[in-house]
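Number of protein chains: 2
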Amino acid sequence: MKLSNRINRVLIVGGTHGNEFTGAYLIKLFEQFPELIHRDSFETLTLLANPQAFAVGRRYIDKDLNRCFLRQNLDDAMLCSYEELLARNIDDLYGQNSKSSVDFILDLHSTTANMGVTILIDNEEPFNLQLAAYLSDVHPAIKIYSSGNSGRSQNALRSLGKFGIGIEVGSIPQGVLNADFFLKTQSIIYTILDYLELCNEDKLPAFSNTFILYKYIEAIDYIRNEYGEITAMIHPQLQFKDYEALNSGDPIFLRFDGQIIPYVAKLTTYPVFINEAAYYEQGTAMCLTQKHQITI
Amino acid sequence: MKLSNRINRVLIVGGTHGNEFTGAYLIKLFEQFPELIHRDSFETLTLLANPQAFAVGRRYIDKDLNRCFLRQNLDDAMLCSYEELLARNIDDLYGQNSKSSVDFILDLHSTTANMGVTILIDNEEPFNLQLAAYLSDVHPAIKIYSSGNSGRSQNALRSLGKFGIGIEVGSIPQGVLNADFFLKTQSIIYTILDYLELCNEDKLPAFSNTFILYKYIEAIDYIRNEYGEITAMIHPQLQFKDYEALNSGDPIFLRFDGQIIPYVAKLTTYPVFINEAAYYEQGTAMCLTQKHQITI
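In the order they appear, the protein sequences are chains Z and D. Position in the first sequence (from 1) plus 10 gives the number in the numbering used here. Position in the second sequence (from 1) plus 10 gives the number in the numbering used here.
Simulated from the structure, these hints should not be mistaken for laboratory data. Warning: the hint list may mix true and false statements.
Pairs involving identical chains hold if they fit within one copy or between any two copies, as the list cannot separate such chains.
[Stated by the list, open to error] The list that follows gives simulated cross-link-like pairs (lysine-lysine, DSSO-like), each with its CA atoms no further than 30 Å apart:
1. Lys-172 <-> Lys-301
2. Lys-251 <-> Lys-194
3. Lys-194 <-> Lys-73
4. Lys-251 <-> Lys-38
5. Lys-73 <-> Lys-38
6. Lys-276 <-> Lys-38
All values reported here derive from a predicted model rather than from experimental measurement.
This is chain Z alone, in the form it adopts within the complex:
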């Protein structure tokens, strides 16, 4: 159970999306009270990632910052929208080629989907699986979601760190603080920092080596007309049912004209990000996952 890589520098990031207030205000709290995130064996840094978007309460100014970290884009000086410049700046400050490169990035998000407290991992490397197992042991109500198959490990802010995970909490409307999820996120952050400290000090206690992992399979779009306009909404029976089994024949969409659209598939899946506001423009009504019991 020993962590193979010593962690020397941790970066906690909030406001990567300017209208996800949980992370942004936690960063402000930590800036005011740095002792809350101080641990002896490593340095903890904080970043309010998209200050202009946060100031106007929008996800982004020009484009989604959390899709701007592909190496080829960071290296392309011709890309100069606000978020592309911001990404380059963050890479210069904390990326693996910077003087103060960080070993671990913890990126704080919220979602309008009913995903409770979800830990986002981008791949199933041992570091992530062990951390997921530990967190599942300490906080049994959390969910672990791997977006590995979606390609998100490539372009997300947390890809800049040697290691990186996200915390996604909801349902929370954009532009709103929810105290319950604020406190839950804060608690998980402390557990993660404690975990890294225990690893560094080689004092990790025994914990359960199994947990449930929801692995991304594919995204499903809304039903749209020839102009690209949506003509259906998430069916009321599916709304808020993130992480619950979706079986072939279950209602999935309700057309505005009243027609029910069932889910048709061979396999039972477990949808997440159901009705996430930010994903309407991306053409994603939900992400389907498969549920796996993992033993590390």
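Dock chain D against chain Z, hints included.
For chain D alone, kept in the frame of chain Z given last:
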């Protein structure tokens, strides 16, 4: 119970705020199937009020359209932000000085607050009170909120009609369709159209002449620091408790540093619009109301 004013033209408005999807998509549905809102005794028109804001999924482009209808501003040709121009255009089309002036405006909104299905009235004129009593009789779960004391009767889009009310449904995140509230809003619209038809035809049946009215008293802001930044959030015990009694001593805010701020007042009040996303920038954490039993 006879309606003193015959209704000849009704305007149903959605998308006054571009990120409140319930109304916007209901307007699209009614445009496709106008028979749904056809009634024999009056003409029913529809309006997607802020098409540019809807296209980009934001409340507004330059300023809140639903605060742009003060007569002195409509008459001031020097005001030319997008929404000020839009307001003038809507006034030209449907205002009381237009050729096709409307008798009744029904403006469709959603809120991140847990207000269920709320009917918004801007004053306590007999027309509004009778309609509120009828709707409360047919749909006992709805709430009736009078914003009269807040000055909203002056500058809202619905002030253009001879009569006008709003429907506010939630909790719904901005930029999200919730099928349950879509269907509930649709049902209330049909009840209102049926009511106007029955009034016009002098066929209104008997219904209960009493209902509960929540009357605006004042708005309360978040706690802020010297830079205007909020330093507290709605206390978890108050979150989602719209229309429930708030007594002196009850927790109202939770500071980021953990301190609980109690409500201090002589009177029990009934807060609404608790944690409405759009009101952070207006300096409103909630609106306090008093609860009245009304008999018409």
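Practice prompt. Give the relationship of Lys-172 and Lys-301 under a CA distance limit of 30 Å: within one copy only, between copies only, both, or neither.
Written response: Close inside one copy (27 Å), not across copies (57 Å); limit 30 Å.
Discussion item. When Cα atoms must be at most 30 Å apart, do Lys-251 and Lys-38 count as within-copy, between-copy, both, or neither?
Written reply: So Lys-251 and Lys-38 pass the 30 Å test across copies only (27 Å; inside, 32 Å).
Worksheet item: Which holds for Lys-276 with Lys-38 at a C-alpha limit of 30 Å: within a copy, between copies, both or neither?
Response: neither (47 Å within a copy, 34 Å between copies)
Worksheet item: Are the CA atoms of Lys-194 and Lys-73 at most 30 Å apart within a copy, between copies, both, or neither?
Response: The answer is within: 29 Å in one copy meets 30 Å, while 35 Å across copies does not.
Fill in: Within, between, both or neither: Lys-73, Lys-38 at alpha-carbon 30 Å
both (24 Å within a copy, 28 Å between copies)
Worksheet item: Can you tell me if Lys-251 and Lys-194 fall within 30 Å by alpha carbon in one copy, between copies, both or neither?
Response: Both, since 20 Å and 20 Å are each at most 30 Å.
Figure legend: structure checked against the earlier numbered hints; the only hint not met is number 6.
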